[in-house]
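Trainee: Could you put together the complete structure from these sequences and hints?
Take the sequence shown: its letter number 369 is residue 369 in full-length UniProt numbering, and every next letter is one higher.
The set of hints was computed from the structure by calculation and includes no laboratory data. We put the beta carbon where it would ideally sit given N, CA and C, even for glycine. Some clues are possibly wrong.
Stated by the list, open to error - Taking CB as the label site, the calculated pair distances span:
{"#": "1", "residue 1": "G391", "residue 2": "S412", "range": "27 to 35 Å"}
{"#": "2", "residue 1": "D223", "residue 2": "M249", "range": "32 to 40 Å"}
{"#": "3", "residue 1": "R396", "residue 2": "N216", "range": "46 to 54 Å"}
As the list claims (entries may be wrong) - Okay, derived cross-link-like pairs now, DSS-like style, lysine-lysine, Cα gap no bigger than 27 Å in a straight line:
{"#": "4", "residue 1": "K348", "residue 2": "K440"}
{"#": "5", "residue 1": "K471", "residue 2": "K440"}
{"#": "6", "residue 1": "K471", "residue 2": "K530"}
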Amino acid sequence: MAKKGAPHGPLITLLKGELGPYAKAIFIFTLVVNITLLVSPLYMLQVYDRVLTSGSLETLALVSMIAVVMLGVYAIGEGARRRSSALAAVRLQNLYDSAVFAKGLSSQSSGQLREDQQNLTTLHNFLSHGMALPLFDLPFAPFFIAIMFVAHPLIGALGLGGAILMVTIAAIGEHVGRPRVEAAQSAETATSTYAGSLEQQKSAILAMGMVGSSYNAWRERKDAAGGRSLDTASENAAYTSVTRGLRQMLQIASLGLGAVLVLQQQATPGVIIASSILLGRALAPIDQSVGIWRQLIRTRTAWSELGVRLVTTERPEAVMPMPRPDPQLVAENLEIAVLGGTKPLVPKFSVSFEPGSLTALVGSVGSGKTTLLQSLAGSWPVLGGTARLGGRDIHRWATDDRGRYVGYTPQSAELLPGTVAQNIARFGEATPESVIEAAKNAGAHRTILNMPDGYETRVGPGGTHLSAGQKHIVSLARAFYGDPVLLLLDEPSANLDRHLHESLFQALMNARRRDAVILVATHDPRLIEKCDRVVLMSPHRVASATPRDYLDAPLAVAQNQETKRAE
1 MAKKGAPHGP
11 LITLLKGELG
21 PYAKAIFIFT
31 LVVNITLLVS
41 PLYMLQVYDR
51 VLTSGSLETL
61 ALVSMIAVVM
71 LGVYAIGEGA
81 RRRSSALAAV
91 RLQNLYDSAV
101 FAKGLSSQSS
111 GQLREDQQNL
121 TTLHNFLSHG
131 MALPLFDLPF
141 APFFIAIMFV
151 AHPLIGALGL
161 GGAILMVTIA
171 AIGEHVGRPR
181 VEAAQSAETA
191 TSTYAGSLEQ
201 QKSAILAMGM
211 VGSSYNAWRE
221 RKDAAGGRSL
231 DTASENAAYT
241 SVTRGLRQML
251 QIASLGLGAV
261 LVLQQQATPG
271 VIIASSILLG
281 RALAPIDQSV
291 GIWRQLIRTR
301 TAWSELGVRL
311 VTTERPEAVM
321 PMPRPDPQLV
331 AENLEIAVLG
341 GTKPLVPKFS
351 VSFEPGSLTA
361 LVGSVGSGKT
371 TLLQSLAGSW
381 PVLGGTARLG
391 GRDIHRWATD
401 DRGRYVGYTP
411 QSAELLPGTV
421 AQNIARFGEA
431 TPESVIEAAK
441 NAGAHRTILN
451 MPDGYETRVG
461 PGGTHLSAGQ
471 KHIVSLARAF
481 YGDPVLLLLD
491 EPSANLDRHL
501 HESLFQALMN
511 ARRRDAVILV
521 ATHDPRLIEK
531 CDRVVLMSPH
541 RVASATPRDY
551 LDAPLAVAQN
561 QETKRAE
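Mentor: See below:
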């Protein structure tokens, strides 16, 4: 979770710049609303002090018409400021949706995208539902209290004392309740994350009869989160009831005080009702703020976390597309660590891969083969050194531009909801010919045609269930889309039958003839023997060997020899 702190960076710039006009519009309409709210106390003053004493129906009709017109202005102003707040919410969402999406996907923290989107949604809902409006009303509370002082100093003192008391209660509630609200929010997020992990492992859960135990583990977390949420809701209800009860008491006190002043001939009868209305209006934004203090705390937390996350991520700017790079991959003193760590997972090494080369990455489980492929794809940060494709630093290259020249297949292939054709085309604009060409280059065309709707077969929720092999072959076609310069394939022969193995081998040979640089992480000897070189990976050293040398000796022996040489 991001460190809590004062919101800063891009969000402050956002408030001053992009959302500034909306904030100004809300303030102007709030000014109109609060001025027109004086209609009610002024109307009561006129009725009690002028109409009732004169008995003039004409005067009553005139002041009533003026009041109706002014209340119509109030209604327009209230609707306009709520509309402005909703437009600000939409603007905020449109401005930072893409930045949050890109930052979340590039983060190595699991669930970061979901957390950032939830924070942005929290900010959006706070504005779109008008929960920010009481904060705009707060500066006008002194205005109404000042008018109460004009009516009579004692009435003004009552209003000022009541406002100070309610603000004090609100401040205590915020100070005491903020840690509990944040803890409840964290517990709810953890419960949601745990449920997502259970869904990802549903095959194993069903196969091994773990449904009951998994439910119990989830229920335990859910009950804990629910308990925290109930505690904060109860606390919020307590503070809300106290402030609203206090507000009613203060309004009754203002009526009584007004009556005393009238009896002592220090005020007119209209002051009795007018002072109560003014006091209610002065205390209303404080009362409303206490009622939404949980949402205020959640919004402030989301604002702070999102501000920290976006300090280095302004709105994505247009990037000038670079020409197709030369098919040469060079790693210089490359060093890769586990996420957030400083201890190398892949030790420092330098190596170059020439056009048309096919290299196998081999090593024991945990030696860093997958991590190296992810780093060369630009999705895993390096601890030191550089990796350059055609002379360009992969990790300093704009993601969308770099991705056009890189094909990557993860070890566990998953497809996004959509059609097979959309997945192959990486959900970009593509012609049917380019999609089919990629599938043919990957040896996947015939397999896709055998699917229920061919290239239009839908996958994901409500779509066709594809086998692991079918997903893998579509993932390979996606990697081959656009004739990439660099192909990074993690266990590409996994889940493939004999026929698809042959198709894969032929696809790799065709890619070599197109001068693509190909790296495969594999334990398949049939694939290794077709490679030009084998890169042996161990915790101590990254070394090269010929496929024949590697295949003639067991992997464990080769790795032991490398370890001994390193020691």
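Trainee: Compare the structure with each hint and give your call.
Mentor: Here is how each hint holds up against the structure:
1. For the pair G391 and S412, the supplied restraint of 27 to 35 Å holds, since their beta-carbon distance comes to about 33 Å.
2. Distance hint for D223 and M249: a CB-CB separation of about 38 Å, consistent with the stated range 32 to 40 Å.
3. Between R396 and N216, the C-beta spacing of about 48 Å keeps the proposed range 46 to 54 Å intact.
4. Restraint check for K348 and K440: the C-alpha separation of about 38 Å exceeds 27 Å, so the hint is violated.
5. Using a Cα cut-off of 27 Å, the hinted pair K471 and K440 holds, with the two alpha carbons roughly 16 Å apart.
6. Distance hint between K471 and K530 is fulfilled; the C-alpha atoms sit about 24 Å from each other, no more than 27 Å.
The structure fails hint 4 only (numbered hints given earlier).
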